[in-house]
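Starting from the structure of chain A, add chain B where the hints point.
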Amino acid sequence: MAAAMKAGLGWLGLRAAGAVLRAAAPAGVVVPVRTKKKKPSVPEWARELSPEEKEKRLRALVARMPEDRMERMFYMASTADIIDPYVPPEGDARLTSLSKDGVVQKMQKLKQTAASQLALRKIKDHDLDFSTKTFPEKAQEIFIEAHNCLANFNKQKLHSLVTERCYPEMVRGNRYKTIRWKFVESLEPPRVVHVRCESVMNRGNLYGQVTVRMHTRQILAIYDRFGRLMYGGEQVPKDVLEYVVFEKYLVNPYGTWRMHGKIVPEWAPPKDPIVKTVLIPGPTLEPSQEYEEMK
Amino acid sequence: MAARWAAGAGNACVRGLLGWARPERWLAASSLFPLSCIHTSCTALQQIGKWEKKNRIVYPPQLPGEPRRPAEIYHCRREIKYSKDKMWYLAKLIKGMSIDQALAQLEFSDKKGAKVIKEVLLEAQELAVKKHNVEFKSNLHIAESLTGRGRYTKRIRYHAKGMFGIMKIVRCHYFVKLVEGPPPPPEPPKTGFDQAKEYVQQLRSRTLVNTL
Numbered sequence: 001m002a003a004a005m006k007a008g009l010g011w012l013g014l015r016a017a018g019a020v021l022r023a024a025a026p027a028g029v030v031v032p033v034r035t036k037k038k039k040p041s042v043p044e045w046a047r048e049l050s051p052e053e054k055e056k057r058l059r060a061l062v063a064r065m066p067e068d069r070m071e072r073m074f075y076m077a078s079t080a081d082i083i084d085p086y087v088p089p090e091g092d093a094r095l096t097s098l099s100k101d102g103v104v105q106k107m108q109k110l111k112q113t114a115a116s117q118l119a120l121r122k123i124k125d126h127d128l129d130f131s132t133k134t135f136p137e138k139a140q141e142i143f144i145e146a147h148n149c150l151a152n153f154n155k156q157k158l159h160s161l162v163t164e165r166c167y168p169e170m171v172r173g174n175r176y177k178t179i180r181w182k183f184v185e186s187l188e189p190p191r192v193v194h195v196r197c198e199s200v201m202n203r204g205n206l207y208g209q210v211t212v213r214m215h216t217r218q219i220l221a222i223y224d225r226f227g228r229l230m231y232g233g234e235q236v237p238k239d240v241l242e243y244v245v246f247e248k249y250l251v252n253p254y255g256t257w258r259m260h261g262k263i264v265p266e267w268a269p270p271k272d273p274i275v276k277t278v279l280i281p282g283p284t285l286e287p288s289q290e291y292e293e294m295k
Numbered sequence: 001m002a003a004r005w006a007a008g009a010g011n012a013c014v015r016g017l018l019g020w021a022r023p024e025r026w027l028a029a030s031s032l033f034p035l036s037c038i039h040t041s042c043t044a045l046q047q048i049g050k051w052e053k054k055n056r057i058v059y060p061p062q063l064p065g066e067p068r069r070p071a072e073i074y075h076c077r078r079e080i081k082y083s084k085d086k087m088w089y090l091a092k093l094i095k096g097m098s099i100d101q102a103l104a105q106l107e108f109s110d111k112k113g114a115k116v117i118k119e120v121l122l123e124a125q126e127l128a129v130k131k132h133n134v135e136f137k138s139n140l141h142i143a144e145s146l147t148g149r150g151r152y153t154k155r156i157r158y159h160a161k162g163m164f165g166i167m168k169i170v171r172c173h174y175f176v177k178l179v180e181g182p183p184p185p186p187e188p189p190k191t192g193f194d195q196a197k198e199y200v201q202q203l204r205s206r207t208l209v210n211t212l
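For the record, the sequence lines run as chains A and B.
For the first sequence, our numbering assigns the number 295 to the last residue and increments by one with no breaks.
For the second sequence, our numbering assigns the number 212 to the last residue and increments by one with no breaks.
Check each hint, because a few of them may be wrong.
Heads up, simulated DSBU-like pairs for lysine-lysine below, C-alpha to C-alpha not over 35 Å straight-line [said to hold, decoys possible]: (1) Lys155(A) x Lys137(B); (2) Lys131(B) x Lys276(A); (3) Lys155(A) x Lys133(A); (4) Lys50(B) x Lys276(A); (5) Lys54(B) x Lys276(A); (6) Lys131(B) x Lys155(A); (7) Lys276(A) x Lys53(B); (8) Lys155(A) x Lys54(B); (9) Lys238(A) x Lys131(B); (10) Lys54(B) x Lys271(A); (11) Lys271(A) x Lys81(B); (12) Lys92(B) x Lys276(A); (13) Lys271(A) x Lys130(B); (14) Lys115(B) x Lys155(A); (15) Lys118(B) x Lys92(B); (16) Lys177(A) x Lys50(B); (17) Lys177(B) x Lys276(A); (18) Lys118(B) x Lys271(A); (19) Lys177(B) x Lys155(A); (20) Lys262(A) x Lys154(B); (21) Lys81(B) x Lys115(B); (22) Lys111(B) x Lys177(A); (23) Lys177(A) x Lys197(B); (24) Lys177(A) x Lys115(B); (25) Lys130(B) x Lys155(A); (26) Lys92(B) x Lys177(A).
These aren't lab readings, by the way, just hints derived from the structure by calculation.
For reference, chain A alone in the conformation it holds in the complex:
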């Protein structure tokens, strides 16, 4: 290596080499040594500031710790629950239109509730095409599409038709089952019964929820993993009265109306039992006790 260095120097020329070395570290110059870092003195204009202001400025000077950068951004595309759920009137769809009560129920208009009107106005501010007359048909289309996707396990499309709160409710327990669902007809035209508009987390982060009443006839059959009928029947159409809530993220310009959930009233008739018998475990007995004694 020494030989190579000598050879290199020889090639440069001794004088040139000397010049290079002298330029790198000229003789007679003192290399500056860093003095002790003093605290920055408060300038004249800053002396009258309040202690909060001083703290703020000091904090701005200090370098950001890595812990601040660990915030995780998330995007809420839907609310977690139905805001102010609609309470359906008792005996809905049970009274004929011939009786007086039936006519009164039929004549119930949205205009009676002030909160719904307010919310409707807010929604119309953000979504210009919204109208209580045209929305129910679109809502029913979304409803039918969503249930068809559920039957076909088309998860991609289902996510675009149904909010994140509704998706697990719809899909839970269905992985190894076959679902056959068919929409036969609509017995009454769907109508909007309830509108709410709410901001979540920050002010102005608006989500609109619209409840649509649907009285329809549907066919549902669920088969288990082995193809045996678990619930319902393919030849048995059932009349169903539902209050379906649709939601839209209003502030998002690309938001769409999606199914958010269903409202089940307390007076709803009980569902059909499943085909198999289920064991309900009794009380645990001591070896000496008998069941008759326990009763």
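Structure of chain B alone, referenced to chain A:
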């Protein structure tokens, strides 16, 4: 020195992959959106065995005229600390029995593997009722029951006079398939008359070659 370095690295690994970071400090100082639930899971590395995957097949819905398909439930336990040859005796014992009879036999068997197999059967029964739409938990019988070799590790067994042997730590897997329905009737033993019939049938089914 190399051993010490390896031990040090091992210790660091034992503390955790992120031993240098302390998440409790971050969480305390964070604002509205704390660093919770990072979805990490090691399931990509663990292999799901073929027996477990048999529970995932979905049959198409049956037509109304077809006979009802019996439910089949596959269950297994891996890496049981027992020998596969000793476990085989128990597996052969319960093959073809109804589940209640099998549980009864295993409860009063003196072998170590009997306890393990009993637990596996009870787990499988519960799974059948909860997940696979089996109506009656006693209406199951054992269609297949197998043992398989698990992972063996070698260790040194120290003998006298500085002699040693290499011993194998032996593990096994146990597989069971429960099918809904009563157990199939056992095959009747072959009588002399059946053997004679077969012999006569063989004679009759001979073909003559190279003749008129």
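* Hinted pair Lys92(B) and Lys177(A), Cα distance within 35 Å -> 34 Å, holds
* To do: Would you mind confirming whether the straight-line C-alpha gap from Lys177(B) to Lys276(A) stays at or under 35 Å?
  => 22 Å, holds
* To do: Assess, step by step, whether the Cα of Lys50(B) is no farther than 35 Å from the Cα of Lys276(A), and give holds or violated.
  => Since the Cα atoms of Lys50(B) and Lys276(A) sit roughly 30 Å apart, the hinted pair holds (cutoff 35 Å).
* Asked: Between Lys177(A) and Lys115(B), does the CA-CA distance stay at or below 35 Å?
  -> Between Lys177(A) and Lys115(B) the Cα gap is close to 34 Å, so the pair holds against 35 Å.
* To do: Would you check the hint for Lys54(B) and Lys276(A), treating anything up to 35 Å between C-alpha atoms as holding?
  => Between Lys54(B) and Lys276(A) the Cα gap is close to 24 Å, so the pair holds against 35 Å.
* Asked: Keeping to a limit of 35 Å between CA atoms, is the pair of Lys155(A) and Lys133(A) held or broken?
  -> Distance ~30 Å between Lys155(A) and Lys133(A) Cα, so the pair holds.
* To do: Assess, step by step, whether the Cα of Lys276(A) is no farther than 35 Å from the Cα of Lys53(B), and give holds or violated.
  => Satisfied, since the Cα-Cα distance of roughly 26 Å is no more than 35 Å.
* Asked: Within 35 Å, alpha carbon to alpha carbon, are Lys131(B) and Lys276(A)?
  -> 13 Å, holds
* Asked: Is the hinted pair Lys177(A) and Lys50(B) satisfied, with a Cα-Cα distance of at most 35 Å?
  -> The given pair, whose Cα atoms are some 21 Å apart, holds under the 35 Å limit.
* Given the hint that Lys177(B) pairs with Lys155(A), test it: the Cα-Cα distance must not exceed 35 Å. => 32 Å, holds
* Asked: Does Lys271(A) pair with Lys81(B) here, judged by a C-alpha cut-off of 35 Å?
  -> 49 Å, violated
* Straight-line alpha-carbon gap Lys118(B) to Lys271(A), limit 35 Å -> Judged against 35 Å, a Cα distance of about 38 Å means the pair is violated.
The earlier numbered hints that this structure contradicts are 11, 14, 18, 20, 22, 23.
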